[in-house]
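Below, each chain spelled out in residue letters.
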Amino acid sequence: MLLREVEYARPASVEEAISLLSEHDGARALAGGQTLVNVMKARAASPDLLVDLADLDELRTISFSADQSAIELGAMVTNTQVIGSSEVEVARPILAEVAATIADVQIRNRGTIGGNVCVNDPTNHYPPLLAALGASFTIRGVSGERTVSADEFFLGVYLTAVAEGELLTKILVPTRKPGTGDAMAGITVGAHGTYLVNAAATVGPAGPRIVIGCVSAVPVRAVGMEKQLAAGDLAEATVRAAATGLGAALDPPSDVHATADYRRHLAEVSAVRAVLQAAERAKG
Amino acid sequence: MNVSATSTHRTISVEINGITHERDVPASLLLVHFLRDDLDLTGTHIGCDTGSCGACTVQLGGHAIKSCCMLAVQADGSSITTVEGLASEDGELTPLQRSFHEHHALQCGYCTPGMLMSATALLEQNPHPSEHEVKVALQGNLCRCTGYWNIIEAIVATGEGGAR
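Protein chains in written order, with my numbering: chain X, 1 to 284; chain S, 1 to 164.
Chain X on its own, in the form it takes in the complex (with noise of 0.2 Å):
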């Protein structure tokens, strides 16, 4: 398929990058783009500048933090850099894990997590699991760089809180602690397929975190769920009926692959799943 025409550049530095995208209406990071190109195709975006991130080499590194606390993974990291990564085994390997789900091998290729996250979709990996980390999320702009939440990051379909002329530079992920267990589980249309909804988990001594991806504009915490587990029992009956009710909190979409009440039922059935896998996994 043939594309509208676009300028292009490609900076040498961040600040480059910054300046090239605040300066120019109608300017877009280009990542891996495994999302955007297809969305170009498709005429569903028609940025006027593509601002390409690909000679940006220190937003391709994955390190931990000063103080070891967090994994800190530049936006421009592939899936597959995130599979391979020995930091990501020792500090936080549910990336790994999930990034290895995501798609095929050729997209993983070139597909980033900052990528992956800017865009938002609703059905993408990372945001929901992101979310249950507790990840937090490093924007630099022309005036500074801002470090913002999860909650605070998600905004909305396509929406985050990377405004024009920012950058998203790089996602720094909790170290798992001892006694800390991650998982994600859900329902795919076909083996790898796109997620019809799904549910990450994070369960240790600070608390369940429990989040619903597919299901809203942005990831959903499981805030009641949590609180029912917060005494820390995760039997399989204490769980099941935790997760008793989440989904008729819940309003999400219908479509060919699944109708709104078949997603409620979904979010329980994934969040269960999710919380007893990472209660496993906690035990060590």
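Everything labelled a hint here was simulated from the structure, so no lab data went into it. No experiment lies behind these values; they were computed from the predicted model shown. No residue lacks a Cβ here, since even glycine has one placed at the ideal position from N, Cα and C. Be aware that one or more of the hints could be misleading.
Derived coverage of chain X by chain S (criterion: at least 3 residues anywhere in the stretch with Cβ under 8 Å from a Cβ of chain S; other residues may be distant) [what the hints assert, rightly or not]:
no., stretch
1, 12 to 21
2, 28 to 38
3, 103 to 117
4, 230 to 240
Guided by the hints, dock chain S onto chain X, whose structure is given.
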């Protein structure tokens, strides 16, 4: 600060199958169109043009990628291998290509370039893949003729040194 110029065109330099090509291309040009229309490398096929079928798979810097999901300008400065780059100059096939022949791993042949490029990348990283590992590596490649079995057998056999 010196902000780089923006332009609807860019002169790119890409090494393809060992030969460096320098061309002025529109920023809107897909890599697959650059390969097929500008360089006449028509072995790389366009199937779905949506990133689903994998017929357009090439290797970029040693990784399998879909050339319909990438702009030609994004490939500036990189090294690409297409299906034309597999066999030697005198036409001698690679063990994988011979194995596809011997196992009847194609029927209409439309998906074959993409299958070969995905499988070549797999074998470079994992010279002796299991059947399961082959299936995972081919998730992004669709075939509507073979039912996949002969393709999987051809790749597993190559890893086992079974291709003569």
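Hint check results:
1. With 5 residues bearing a CB less than 8 Å from a CB of chain S, the stretch 12 to 21 of chain X meets the requirement of three and the coverage assertion stands.
2. Here's how the stretch 28 to 38 of chain X fares: 5 of its residues keep a CB closer than 8 Å to some CB of chain S, so the rule of at least three is met and the hint holds.
3. Restraint check on the stretch 103 to 117 of chain X versus chain S: 7 residues with Cβ-Cβ distances below 8 Å, three needed, restraint holds.
4. For the stretch 230 to 240 of chain X, the stated coverage by chain S is not satisfied: 0 residues place a CB nearer than 8 Å to a CB of that chain, which falls below the threshold of 3.
The structure shown violates just one earlier hint, number 4.
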